Amino acid sequence: MLLTTLLLALQAPLVVTPGGVYPTIAAAVAAAPDGGTVRVTRGVWREPTIRLERPIRLLGEPGAVLDGEGARELVVILAPDVTVEGLTFRNTGNSYHEDRAALHADEVVGCVIVRNRFEDTFFAIYLSRTTSCIVRENVVIGHPTTESATGNAVHSWGSRELRIEGNRLEGHRDGVYLEFTRHATVIDNHSTKNLRYGLHFMYSDSSSYTGNEFRGNGSGVAVMYSHDVQMVNNRFLDNRGATAYGLLLKEIADVHLTGNEFGNNTTGLLADGAERVQVRDNRFTRNGWAIRLLASTSDGVFANNTFSGNSFDVAVNSRTVGAEFAGNFWDSYRGWDLDHDGTGDVPHHPVRLFGTLVERAPAALTLQRSLFVRALDAAERVLPVLTPRQVVDNAPRMTRDAGRMP
Amino acid sequence: MTTTLRLLLLVVRESLRGRWLIGLALLLAALGELLLRFSGGGPTTLVSLLDVVLILTPLIGLVVGTMQVHHAREVTELLLAQPIARGRLFVALYLGTAIPLAVSVVVGLLAPFAWHGLLFGADGMQLLGLAGAAALLALITTAMAFVIALRADDRVRALGIALGIWLVTAVLWDGIILLTAMLLADRPIEVPLLIMLALNPLDIARVLLLLGSDAAALLGYTGAIVQRALGGAAGQVALVGLLTLWILVPWTLASRTFRRKDF
Amino acid sequence: MIVTEGLTKRFGKRVVLDGLSARIATGRITALLGPNGAGKTTFLKVLLGLARPEAGRIAIAGELLDGSPEYRANIGYMPQIVHFPGHLRGRDLLSMVQTLRGTTVKPDLSLAEAFGLTEELARPLGVLSGGTRQKINAVLAFAFTPALLILDEPTAGLDPLACRVLKDRILAERARGTTVVISSHVLAELEELADDVLFLADGKAAWSGAVSELTQKTGEHNLERAVARLLGGGMPYLAVA
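Protein sequence lines correspond, in order, to chains A, B and C. All residue numbers for the first sequence refer to the numbering used here, where the first residue is 20 and numbers rise by one. All residue numbers for the second sequence refer to the numbering used here, where the first residue is 2 and numbers rise by one. All residue numbers for the third sequence refer to the numbering used here, where the first residue is 11 and numbers rise by one.
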């Protein structure tokens with residue numbers, strides 16, 4: 020049995036060409052043996068939705084384009100171990116009744132979607148209840164106007180062991196949307212200019228994302244109602260707007276944030292109902308707020324991070340804060356290190372008086388960098404009693420660059 | 002027109018001969034050089050430079066402007082006794098005072114950055130924006146100084162008023178805005194806030210520069226109206242327009258005073 | 011001929027010119043007399059357009075002044091002691107005025123020569139004495155062959171020798187046909203110059219007419235006494251002079 024499969028796989032691919040043996044993709048797919056390869060040649064192919072019901076490899080030559088003519092899904096994967104590679108998917112049209120996707124995989128194992136291109140698709144890749152699928156090095160580009168006029172670039176519902184790697188995801192509602200998806204790994208993707216989130220976790224536990232760049236999305240990443248999420252070496256950049264943030268943590272627990280960079284966001288990290296969050300070795304640079312902690316946060320640890328050029332390093336909305344700060348570098352720290360142990364001699368209170376005023380009246384933000392606000396800051400230095408005390412770093416690091424804390 | 006131009010050249014020459022404008026430029030350049038040395042360029046330097054522009058430039062415009070008008074008072078009388086229309090004389094006096102002042106401020110601000118080759122670097126646009134705002138503020142505050150000096154004949158009193166106006170526009174007005182924002186925190190205050198900001202050219206310049214700086218990230222938070230009114234290129238153009246209007250207001254006042262004044 | 015009608019000028023509540031009507035004859039020297047605060051300087055400034063009257067009209071050589079500045083091209087004006095910025099030189103002032111008059115005719119510096127201060131014209135005013143600066147002001151007024159000279163207390167601060175030089179020049183100007191208005195509260199200064207007298211008191215022309223008429227009327231040949239007599243001797247400020 021194994022041998023036959025192997026032999027069949029080594030057979031020559033079925034080539035789809037106009038006027039050839041297989042003039043349509045559907046004809047080739049129907050004729051292909053299990054494990055066989057269907058090769059689509061250059062050209063624009065307009066066919067009814069292609070259903071892959073056996074484990075085959077659908078391979079596009081350069082310039083092979085599947086066009087949905089604004090009316091339908093293009094490929095549906097219904098069998099295990101299907102590979103879709105090198106194709107350009109185009110123009111599915113929008114649908115307000117169904118989650119129409121260019122490439123749809125439903126209850127399959129081991130699908131591989133690699134090096135495809137998706138242009139103006141509603142959903143690009145839609146995975147429901149898949150196991151061990153791989154989405155790698157695809158390029159997804161949309162030109163949406165409103166959030167409802169587009170779906171997600173990569174959408175996963177109820178999948179397991181999903182790996183999303185090295186894709187470029189642009190111009191959709193969410194770059195990556197994971198719902199009830201366990202053990203997902205999201206690595207080295209570039210998610211930009213999406214209307215809602217670069218990456219969106221809902222009820223997706225035990226997942227990790229590493230080395231991704233989220234730039235200029237409505238908001239960078241939202242992790243909601245999930246447990247045990249690792250976020251390492253990602254870049255959250257240029258998320259601006261009244262409700263924009265680099266990373267939103269909402270109703271989550273046991274999350275690790277390590278080595279990430281937050282830059283030029285209105286809010287870098289917003290934690291609302293986050294339990295046991297470990298934030299270490301991250302850089303917060305030139306954000307409006309580096310970190311906003313809402314009252315519902317508890318048992319957080321913020322250690323060895325670097326804060327520089329932020330308008331506000333930390334903002335809180337309550338008198339007590341469930342987070343500990345230690346060993347962070349604060350460019351606003353004015354203390355000395357007379358005993359040369361690398362940490363400042365007096366504690367640092369990163370919440371500014373002006374910051375708390377802004378919490379009450381956001382419109383006061385227009386007074387940033389005015390002499391009056393500077394005078395407030397100066398008054399805080401002279402009369403430390405003015406500084407809000409909720410947040411304190413008892414061992415502020417003196418140098419910007421430091422190795423990781425054990 | 003040629004008379005006005007001749008006059009303008011004359012006044013400019015006089016402004017330059019006073020040498021203090023050169024001193025002013027050197028002072029600002031020294032300050033910029035210090036900033037560069039101690040903050041090593043980059044965003045910190047730009048923030049400090051923003052302070053120089055927003056705080057020092059209006060102070061210079063108001064004080065130096067007031068002093069220049071009084072200083073030139075007797076020459077002005079001599080000129081008025083010549084066959085020259087007052088309107089032209091005013092244009093020449095104002096431009097001849099304000100432009101060299103603005104130029105020396107801009108040159109002083111940019112010189113150290115040009116010297117270190119940073120003018121066309123990553124922050125070049127922001128530097129030029131700062132310089133532009135400084136020039137506009139110099140023109141505005143000099144026009145204000147003309148109003149003050151032409152209405153208060155006593156030098157000390159005029160200087161006192163100039164400093165008072167600086168204190169209000171540079172510090173107190175923002176305090177009032179903050180207080181208003183705090184007191185009315187629960188109500189929609191964006192529109193009155195925008196109006197209050199627009200009433201102070203220093204605030205307009207500050208918000209304009211904020212929009213071009215890192216701090217702009219925050220303005221997104223200030224609510225829909227502020228964002229819609231100020232964000233985007235149209236908002237910035239509107240702010241520059243407002244600043245220009247802020248030259249015209251004191252200009253018109255000063256010109257009227259000058260044309261009716263008894264010397 | 012300069013004719014003014016009903017000139018009124020107030021500074022705040024103080025009425026400085028109170029419906030002043032007067033005539034100043036062409037080609038003659040008119041002494042503008044009156045106590046301090048009588049409105050002499052204000053009157054001259056109104057003639058020059060430096061101060062704006064609330065009411066009244068002025069005609070110079072038959073032309074009614076309407077705010078256009080051209081008529082000032084014919085006026086040489088020497089203000090009361092002024093302090094130009096110290097870095098300016100006499101030369102600068104001269105070229106400034108020349109520029110504004112748009113004339114290419116070289117300024118007449120004969121008065122500077124007569125004062126003996128040709129060199130001082132090239133030095134900053136700040137280093138010169140008050141008297142020298144006043145002489146330079148005089149040079150400025152006479153430099154552009156004006157048809158009308160307005161001299162406000164021209165001799166204040168001048169030494170007797172310089173006074174003599176200046177007076178000679180004023181007489182020479184009259185000989186040339188220039189109209190001269192000189193204000194002074196020191197009557198003796200004008201004794202030998204004045205053809206006519208315009209006496210201001212409380213913003214009005216208290217008396218005006220030819221010096222000869224004045225002396226005839228009063229029988230006094232001394233201008234000072236004549237004026238005193240004319241006014242019935244009831245003006246204590248004249249006793250000071």
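Simulated from the structure, these hints should not be mistaken for lab results. As the structure is a computational prediction, the values presented were derived from the model and not from experiment. Careful: at least some of the hints might be erroneous.
No farther apart than 25 Å at their CA atoms in a straight line, the calculated lysine-lysine pairs in the DSS-like style are these [what the hints assert, rightly or not]:
| no. | chain 1 | residue 1 | chain 2 | residue 2 |
| --- | --- | --- | --- | --- |
| 1 | C | K227 | C | K214 |
| 2 | C | K177 | B | K262 |
| 3 | A | K269 | A | K212 |
| 4 | C | K214 | C | K23 |
| 5 | B | K262 | C | K116 |
| 6 | C | K116 | C | K23 |
The hints, checked one at a time:
no.	hint	verdict
1	C/K227 with C/K214	holds, 21 Å
2	C/K177 with B/K262	violated, 33 Å
3	A/K269 with A/K212	holds, 22 Å
4	C/K214 with C/K23	holds, 17 Å
5	B/K262 with C/K116	violated, 32 Å
6	C/K116 with C/K23	violated, 45 Å
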